[in-house]
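Q: Listed in order, the protein sequences are those of chains A and B. For the first sequence, UniProt numbering assigns the number 1 to the initial residue and increments by one for each residue that follows. For the second sequence, UniProt numbering assigns the number 1 to the initial residue and increments by one for each residue that follows.
I should point out that these hints are in silico values taken from the structure, not numbers from a laboratory. There is no bait here: all hints are sound.
Lysine-lysine pairs mimicking DSS-like chemistry, simulated, CA-CA at most 27 Å apart: (1) A:Lys1129 <-> B:Lys352; (2) B:Lys197 <-> B:Lys303; (3) B:Lys117 <-> A:Lys1000; (4) B:Lys352 <-> A:Lys1127; (5) A:Lys1129 <-> B:Lys38; (6) A:Lys316 <-> B:Lys157; (7) A:Lys967 <-> B:Lys352; (8) A:Lys961 <-> A:Lys808; (9) B:Lys202 <-> B:Lys117; (10) A:Lys725 <-> A:Lys832; (11) A:Lys667 <-> A:Lys486; (12) B:Lys104 <-> A:Lys316; (13) B:Lys38 <-> A:Lys967; (14) A:Lys155 <-> A:Lys207; (15) A:Lys832 <-> A:Lys279; (16) B:Lys274 <-> A:Lys1000; (17) A:Lys152 <-> A:Lys233; (18) A:Lys1127 <-> B:Lys38; (19) A:Lys961 <-> B:Lys352; (20) A:Lys643 <-> A:Lys734; (21) A:Lys961 <-> B:Lys25.
All figures in this text were calculated on a predicted structure; none of them were measured in a lab.
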Amino acid sequence: MARWRSASYKARERINQRYAPHNDLLHHRTIYCNDLEKNKQFSFKGNSISTTKYNVLTFLPKGLFEQFRRVANLYFLMISILSATPVSPVNPITNAVPLVLVISVSLIKEAYEDWKRFFNDKTINSTMVDVLRDGHWRKLPWRRLVVGDIVKVHKDSFFPADLLFLASTNQDGVCYVETSNLDGETNLKIRKALERTWDYVDEERAKEFQGEIQCEQPNNSLYTFTGNLIIGKQTLPVTPNQLLLRGCSLRNTEFIVGVAVFTGHETKVMMNAMNVPSKRSTLERRLDMLILILFSILFIMCFIDSICSGIFINRKYWYLGLTSDVEDQFNPGNRFLVACLTFLTFVTLFSPIIPISLYVSIEMIKVFQVTQFINKDVKMYHKETNTPALARTSNLNEELGQVEYIFSDKTGTLTRNLMEFFKCSIGGVIYGKGVTEIEKAAARRNGTGIEEMESPAESHEKYFNFDDDRLMRGAWRNEPNPELCKEFFRCLAVCHTVLPEGDELPEKIVYQAASPDEAALVTAAKMFGFFFFRRTPTSIRVRESHVEKIGRMQDVEYEILNVLEFNSTRKRQSVICRYPNGRLVLYCKGADSVIYERLMERHNPFKDTNRDHLEYFGAAGLRTLCLAYRDLDINAYEMWNEKFVQAKSALRDREKKLDEVAELIEKDLILIGSTAIEDKLQEGVPVCIETLAKGGIKIWVLTGDKLETAINIAYACSLMNNGMKQFIINSDTKEIRDVEDRGDALETAQVIERYVAERLNESLRQAVESEQTQTGLELALVIDGRCLMYALDPELRGTLLKLSVMCKAVVCCRVSPLQKAQVTSMIKDGAKKITLSIGDGANDVSMIQAAHIGVGISGLEGMQAVMASDFAIAQFRFLTDLLLVHGRLSYLRISKVVAYFFYKNLMFTLTQFWFNLYTGFSGQRFYDDWFQSLYNVVFTALPVIIVGIFDKDVSITNSRKYPQLYKAGIENIFFRWRILIIWAISAVYQSVILFFFPIKAIEEGKNSSGRMLGLWDAGTMAFTCVVVTVNLRLFLACNFITRWHLISIFGSILAWFIFAFFYSGFRNPLDKQGNIYQVIFVIMGTWYFWYAIVLVPVASLALDFLHEGMRRWFAPYDYHIIQEEEKIKGVERDELLLVESPRQAPEQSLELTGLHGEMSKHTGYSFDSPCFDSFFASQEGVSMSQRSYDIARRASMRVSRRQSSDLGSDSPPPGHNSLI
Amino acid sequence: MPSQGASTSGVNNGTSTRKDSKRPKSSAFTQQELPACKPLLTPKWVITIFMLIGVVFIPIGVAALFASRNVVEIIDEYQTVCVPGRYTTNGEREQFIQDVNQDKHCNRTLTVSKLMKGPVYVYYQLDNFYQNHRRYVKSRSDKQLLDGNATDTSACKPEQYLSGDLAIVPCGLIAWSLFNDTYNISADGQQVTINKKGISWKSDREHKFGNVRPQYFPNNLPRDLNGSLIGGASLDPNTTVSKPFIVILLNEDEDLIVWMRTAALPTFRKLYGKIEQDLAAGSTLSITINNVYNTYSFGGKKKLVLSTTSWLGGKNDFLGVAYITVGSLCVFLALLFFLVHWRYPRRLGDTKYLSWNQHASAN
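Isolated chain A, as found in the complex:
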């Protein structure tokens, strides 16, 4: 424990700083309870809350400010202003219209979201609560509550504000509170009112309550509160134990009465509301680079043109009127100024090269993906908890398609935190018919194929997932070794530290165990007919059935003489008990390694069989314990006991001495058998991990658990296997322990540091070696939190990084929340890889926030992780869908959309650039203002959004069937420079065609009536070709054509024509110069137009067409092949679409022999409690008792709590409550 504390010291220090309360009692607040008038002088804040960003007045200025913080928008604002000057070749509207459209869309979105928040707030603010007003309980909405009000809160409702707890309906002034909204813990906490106020429960009494509260000013520290309650002349100190926080809810208590202390935004939970740091996707950041490149192109084009314009301008062109009073921009007398001003002209003219609508389009696409696809995916809906997937941000969709590292929490994420008694081996016979997930996965790998057998849908006991007729319902009596069975069950029923609670009936009893393993074992004993139901400090009572004969029950009392506790060095636990008949037995259970060392040489006939079984259990991912017993001789025992008592009362090195004494008696054991507990994995975890691994994703497990547990789970979820070379860096070695025992902290640190450095370098050397010599050997790294602390030091960090990226699996155990975040950051910043963290608890928050993408497990536990996350899913296995389907597709789509935007804007602008080579570099626009301004936002806007929403390379089924497709995202195949260069080449080529072809077509052309076409005719014709080409180009870009594609693409082309007809059909105020008047009809009346409209798009797209065709045939992407396969074989209809989420994993019978091929040397062993019970407990510097096996201490703790509460001071730290 002490060691652990030092390891997490830094972390705690950090956290303490962050959450340090502002205990500034100089400025305390005084509250007069139940006295509205008196409190008015302080003008406390009301209880209504508002989480909106804007209000009616601030919306426009604030919203606009937010919008112009985007560089593209600001750029366009400046361009629009520039357009209003005479330098501009275009009307200001050209740039203002897209800007206004884009900003309005964004503002509307903001307004909508804010309105939703407002509505939410309104609902909360108008929740009703009983408030004491004028001597009666009045139902008032929350917002009307003020500081000093006395309120009554009923069972299962939320506290409307931070309340000082006065009284409850419970006898001893106690109430139960659920804090899951605050810290994610679902276990109930106890709050206790001051005894002095206990009886202010009913209306009559409550209205008489007069008191003055002096307390700290509002602050964000959830676990501190200092203040005094002054009643009459009595001053009573109040502590957090009397504070009921807003956000918590009342449980198991009919109602409570309290005084509002902090309200509204001053409540602790609101003060804690942290802004989730907004994350941007990597692709979006790369997009900024792209924009920068476009800026450079813009600059180069403008530069060339402006230099040339300075050279061109000459008085000899008399028709330009350059003789007298000519404006600066065309004054041949000052060519430098001409160039400068023309530069601005070109910036304005070429401004469409910056895709203004890109951001808003991407945003729309992403919001669509999130709201319609991710949140509505039935495959990610978890029926058991009724939880659909939830994307809490739409910024990171495409990031999901590029994840290379997943950092996963263990408990609650990979596992259900549910231990189930699964199999056992008694006297060399294996019992239990279940098949674990890992076995299923293995069978699937080998192609053995387990016939899916439905298990009878019986609701089995929690902690117990065992079925074998040979043992159940007393049938064990007929087994070859019934005596041993009896010992086995008794050992389970007696050798433990579990506390029974509730009615002493098998159905009703609740076992409070320090570790879920123990609960599982005791429950198993119960199911086998050895029902442990009562514990006194000296005895255990067991109701035994079927022992004498089938159906007979009897209560047996075992006297517990000694408990030899479990700890991580001993790895075993023993109980010495006396049977009613005087038999003296030592029951022992523990890790196979320690038990086998202590077995009697003889009389253990099935030692080897059992070892085989242990290995089999280990390979199946089960947690094993060996059970053994030893009959004691009374005299020998008495002698030993003396030593034990001595050791126990030793003042120095007590633990060490106790261990030594225990060694004396824990020997010559007789093996009974072994248990196998399944650390129940979440459904589908091994398959999911395997799938993700195939997709090139590396999964790291970061857990607070012990090394063995962590390795075990890594095996269980097929992260690690025996074929891997493992590097284990563990601080729990003899050498380190020895140094520690000497107690010199500095020396210890040095030793560990040296050890870690040595191990790391050695491992790296071996890793490099094995990579060179043995191809295909996979590596795994296991490191514990303490070593990690040193390994993360700057000197070793590089080595660790190098080593860890070479490993296929990395397991970090015993890590603190902060270390989880550090490891994540190491990969994120050090290896520059895209990371995803997934977790379910408050201890995962920092890791979730540190990673590129944070995923929270929603549904069961509290909200903390979900609140910090970007995506919330109910099950780990949904990652498959989230990443392989949604992520991959989003990445594909967004990169396509961005590339297309890049192409279409570059191409459009280049046509103008070519044109200006022929206008004396004057900056004359080729297209009409309105054409140019609507190009991005109308004529080419929708189809690309449709593609961004719908495009899909291969079917959803195949996305999951071929996880390898995901590698394209990791390697960033669709958005690397090569792709963009191809698009750019296409843009240049097309722009040449699109400018020169139409203009050549009509250069000397005329219609059959001999009339000539002019500038605007050429421009309009070219523009028509551009619109057609750009829209048709999408057909080549997309893999998937729905009717929406057709509608939007042809709709956009049609929209252009309709617009052109209207726009040039009338003399309208939009077209001030009347340039375009009738133009479209004039050109459509010539053959040239029809010739060009066919020729130009075909000629433009031929190159892209050729490229696509060549690409597919000669250098196909993987998805190309799968598309073809789909085309040939068809896609099997996704059965999951119709069926509900897969049923509870079916139990199958599987012959043991069938799996012997997967036999491993690894025998899983585990027996511990999660060492990170609560993030917040540790944050306060209060550590959980790791020694909770000590029954006596727990009992005394209970007493002391009662006493301390009675004293009304020095309340126990809240963390301890969870033990109840």
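Fit chain B to the given chain A structure using the hints.
A: For chain B alone, kept in the frame of chain A given last:
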């Protein structure tokens, strides 16, 4: 009533249970299973489409080329020959053309090589004349052209006012720089009428130019009594108009209307008039050019063009050539693609080509 109550409560139950379940409603859309066509660019398609383009384009191109080749065109570049030989540099020629006292008429003789079926169109072609220059393009007032309003001529800079405060109608550089060479054609001694009606687009004539009487003319715009434009030669703004002149309303002045439809490129042709008769092959055209327009300062060429038209338009090989080129290129690519595909076939959808399978086999 009770039955109604029962039914409503039943409905409520239904909705409430549905509300309880947060299972997203499954639709083909949200599950991304919309029916779609997934065209694959397999070689078959690539070859077919390229072939198809070739097959369609080549005939179209041939037709266009034929049309273009059927057009008979006579081009005569006259800016040098119409200035007496002693002026050798453009500077000297410019001085000549600006000298009011010189006679600038010039006679050219051309031979019609092929029968030109009427109507034969007469064009002038200018070179190096940036009608698409930004300063030039915007220097006009369409409003004024339509309604003659002389108050707002700000768009017309620098040709806004005559001698300080008299607003010019039509104002602006474009109108001011109107081309004013005139041509007189006789074929085999017979005077040929050049019809100047209908040379502009109807929409321009009727909707963009109003019944506006020019006033405070730009120097070159007034016409002499023969209808020829004065000015152009004497582009000195200080020169006052001394000769008697006539005024044509803007919407009747088709030369102006044609001129005002600015050209897209610095080399352009504009329609001068129509000859509504056939010009027989071998006949001699003698043309009197009043060579007054100053292109000498910027070295621009002036050409007189006589041309017939086809169904497609004038003589322009570009479209035909482009179509044929693109068409044949496509056929070529189709064949090439076919050959390569035939030489290096790849089985469709063969999973052994998947990158990970290839890596595996490589290992």
